[in-house]
Amino acid sequence: MTTVERDNELSSTVGKPLLDGADDVKFSVRKLAVHYAELQAVHDVNLDIGQRQVTALIGPSGCGKSTFLRCLNRMNDIIASCVVQGEVHLDQKDIYAPQVDVVALRARVGMVFQKPNPFPKSIYDNIAYGPRLHGQADSPSALDELVETSLRRAGLWAEVKDLLHRPATSLSGGQQQRLCIARTIAIQPEVILMDEPCSALDPIATARIEALIGELKCDYTIVIVTHSMQQASRVSDRTAYFHLGRLLEVNATDKIFMAPEHPGTEDYITGRIG
Amino acid sequence: MAVIGASFAGRRAKRQAVTVLSDAGRLGALPRHYAICAALWCLLPALAVYIAVLAGHEQLLRWYLGDDLRQLAHLAAGDPRWVLQLLQEVVVNGGHEDAMVWEAAQRCAAYSTRIDVWRTVLAIAIATGGGVVGYLQVSPAIRARHRLERFAYGCLLASTCVAVLTTVGIVFSVLFESLRFFSAVPPLDFLLGLHWSPQTAIREGQEGSSGAFGVVPLFVGTLVVSAVAMMVALPAGLLGAIHLSEYASQRARNILKPLIEILVGVPTVVYGFIAALSVAPLIKQLGEWLGLTVASENALAAGLVMGVMILPFVLSLSDDVISAVPASLREGALALGATPAEMITQVVLPAALPGIIGGGLLAVSRAIGETMIVVMAAGLAANLSANPLDAMTTVTVQIVTLLVGDQAFDSPKTLAAFALGLSLFIVTLSLNVISLLVVRRYHEAYD
Ligand SMILES: Nc1ncnc2c1ncn2[C@@H]1O[C@H](COP(=O)(O)OP(=O)(O)OP(=O)(O)O)[C@@H](O)[C@H]1O
Ligand SMILES: [Mg+2]
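As they're listed, the protein sequences go chains A and B.
Under the numbering used here, the residues of the first sequence are numbered 1 to 274, in order.
Under the numbering used here, the residues of the second sequence are numbered 1 to 447, in order.
If we strip away everything but chain B, and leave its shape as in the complex, we get (with noise of 0.2 Å):
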């Protein structure tokens, strides 16, 4: 219905800037923009008064209801807010066996239509006053191109406080549930605690006793499970890369970097599937035939069956990478007459350094993000080794196990999830930092 009165005034002001400025000689801006600014003047204040409205409606009515809900106030215990759905609902039912209920009922339903009305109405006298506004605006002396830049400009403002807030926001709440749950476990405990057994810990209700909270078997876990995965994606992603952008066929391209991309995008349960029931089972025959002993659910199946999920992400990356090295490059290396791998190596890799670093810390972080593979073929006990061949688990997956399932929000089990996250994310942030001051450090050195 705004939408309608916006266009309908944009189409006025759009004919009226014709005639208008068609006179007025020198134009400050398209008659265009005076439409869509007078489109703007006619929509956003209606709807921010219609929106405004909408989402204060009960607010209204308890006001307006004021004395029906303090008389009726015991059929909810008291709580207003109840008797007003209470309420909600008869009228929805159509009847009452209490009179003075019934009577409440229909006095709210027609409160109720009531402010619907006027909402509406508001709406549309506000859109029809801005709707003026933005006629009356067309003319040489407003510059609507510069209202329409600045107007561009805030919602561009908006739209970044949105993420920034968001993060910060989340931050913040992960920070002050990680201060409660370390105001029951000392942190040193935390963090420096070789036992991790949040469930035995509940059990024998010893909350918050030291060691059953111990992190570094879960930050063994993934380290390890992340350097298998990053040992194979690595190599493999960085060769395959440059194959794919220096020696492949412009056809071979076209098939094979398509069919990466849609790799990417397989779900990591799938790869979780493989990796249980596929590659466990096979690392522990050979492993038994070698005369180890093997975990059925063991970090290296884990770490390989991540390290080919994350390698097409590599691959790609790289290639992209190493792709936007200039062909000037190249052709003053090979003009100095380098082989095309002596060109590789000595100048195309090099240029391409940073970027690849950045690739290698995101791939990094996405290891220690992984969660599904590790839940099927890693297992969940937090053993403290370093032997990829144990059982082992990751701080995702923990945080995972901690919050499945009914939990009280404040038991020491269900913050540790809270603390967790907050390590989590201290570790990646500096993982960034740390390739964003290589690549700096790197760009100073060569730019």
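One chain only, chain A, in its complex shape (with noise of 0.2 Å):
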């Protein structure tokens, strides 16, 4: 493909939404179209994730990130009504292909969802579920050692370490987001997925998760929806802003809120619409 086809068949979103260098690219994403029945909540999306990068989706409420992000671990497959059509790479695999295996495939692509989801089971199962399923730990030291990493990365160890066997839904709102955080990280994937992974953090634990982000960059590739544009820029390398279902700027991300070229990305981060 020719920089000019691609130029022109990307023409719809500006900035740099593909990137260079094919051995730094985790996820590559085409043409990707998603409908609910009749409703389309993605339009045509081309871009490209890095690889221990830390990209940022914004945009405003309703505009398709939580959708496009389902996408990267196909999430979307559960909800009967959604259609993806388009490709999505991960390291130049297709994942969508009938050959894949789905379950394989989170395994590697973890995900933080949106609403915290805490299992009805005890703090330390909640964290232990994913380890025991794919035989991460050999040994129950073993693996007291990994809920205790992943707890401590997460910020939650000091609060509940003595309460381990407590029941996860007795935690509060955010503590059951860290624990969500922790859970996610405990299996060690390749790719997470954060959906607004702060919406619910006090500053301080907020300072922690972003200070998780960075620590994780070195060996994780890091896909993070916000409404907080603070946040973007503090942790993120890349920004892609969508609007309305659309994929309207991808940039670095100091670009991005330094000069953003789309007066539409402009108008968001400036705080005139969202």
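These are computed hints drawn from the structure, not numbers from a lab.
No residue lacks a Cβ here, since even glycine has one placed at the ideal position from N, Cα and C.
Hints are supplied without guarantee of correctness; some may be wrong.
[To be verified] Derived contacts from chain B toward chain A, CB cut-off under 8 Å, selection only:
#, residue
1, Leu-329
2, Leu-334
3, Gly-355
Once you've looked at the hints, go ahead and assemble the two chains, each given alone in its own frame, into the complex.
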């Protein structure tokens, strides 16, 4: 595919949606369109997501950020009315190809949901659930250790270390959110998709999660949906702006926030819409 | 008539309400609240009085006709109730040879009409009065909305009381009859006796003799039949529910769910038929082919068919419970790389467990209370046996057989039915309590 063809094809997105070096690309999304029955939630999205980078998705509520994110680990398969068209490649392999093992894919691409969804089990079992599934801990003590490090990294250990066998549902909303983050990093996926992971967190816990994202970025690829411009600018390397189901602008984060190319992006980040 | 009055008053109040309140400025309630209030003022006291007089009709007549009734007491062996009835019959027939009786009858008819008229007049008067009260109360000072609220609260409270009081009443009547039974038969013999034959006890004139009222065989029978039923219904129901809620397509679900719910409504007699005429002989043939002795009426047939009967009930309940597990939990498990089967067994089922346990215990209660199938398929013989191939009988079946036919109401045989009912009640009650405790314990742990 030549550069000219690419540019024509991507006329709807300004900035730099595609990356140059193929090695650095974790996900490459082409012509992605998602429908919920009649409603089209995502229109013609073309986007590369860089390896070991943090990509922030921003945009007004209902613009399709979560829908897009859920395409990356095929969570939309569960919704009967949802139809995904286009291509999503993970490490150059099409994840929507028929022979793909969706279960293995989801173990590689972990997800933290917009609403905390702890299992009705103990805190310990919530974290240990994934590692047990995938046989990641050889011994009970290894599992204990894994649970502790996961909770520590999510900044929850100090609060729950004496309550590990209490039901997870008795935690506060923000604690539950951190628990879900800990649960996801416990299975050590290659990619972590985070849908507004800090929406219920106080500034201290938010700072803790942002520090975690900074740490994780060395080994993992992270895609984060956020409504906080400050957060996007603090943690992300690249930022993608969605509007009404379309990807309007993608660029390096400092570029987007210093000099947005699309007037819609500028309006949004300066607080004039959304 | 009172209703018409009520609606009339209601309409007037509404008209009035509009004019008054438009002047009054700040409204305490909407006009329609005042209208309903007025209608209730009109309807309820009038209705209460009307019903009271109607109920007291005979009493009033007797009071009016006191002298006549006393004079004519010889007609009905001194029971004034019969005299009154006699007089009313005379009125209907339109004549009597005895002039005195005829006169009394006519007086009776006249009083009766008078009471009717007065009752109506009184009701209308009270309705009007109530209407006026309601009408006068159309003012911002009276908070009609709050009154209606209190009225609704009262109605709900009364309904609750009816439910609770009838239950308490039933329990107490069963309890008292049982106590009478236990004064004839020692409770220990009843509870621990291994021999149940109430018929012989009566025939040999050895009322209350120990041994004849031993309840153990009945409970063993109940246990065996219910256990067989639950062994069919629980696994099949649960697995079916999992299929229906997790794997079946929306279309299949839309067809299957109503079908299953129709099955819940099939009368148990129909199942009894199938049990007695098809399943029991089949089991007998099969058993004999295998070289086992099988009674032609056997507990296995009854249990199997009962299991099939409860199956849709269990399935439908569990399906509701499983479907109620939030989708976010499923997504959470799948996003961690769980397969659908792992998600169901490790996340969905544990989350649905309290509901499933509750449903299962309800099903057990139904199995224990089920009568028809057992009457038809398992027989009436009270054998003490744990072999499901034998004929057996259950507590409910014995209650039926004890009460069928003409029986003196205080023979131990009849009273035994109450004692059986009481013990059954205690068993199901403790089942329910246990299920509640289990569910609450679980909730405490995971909520
Ligand atoms: N399960 C679903 N079924 C039908 N329509 C859906 C479903 N989920 C999302 N939608 C629709 O798709 C569109 C995009 O929704 P999405 O959840 O992706 O928005 P979002 O950008 O994540 O918004 P927010 O910031 O509020 O989370 C919305 O119009 C929404 O109504
Ligand atoms: Mg969202």
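Status of each hint after checking the structure:
no. : hint    : in the structure
1   : Leu-329 : holds, 6 Å
2   : Leu-334 : holds, 6 Å
3   : Gly-355 : violated, 12 Å
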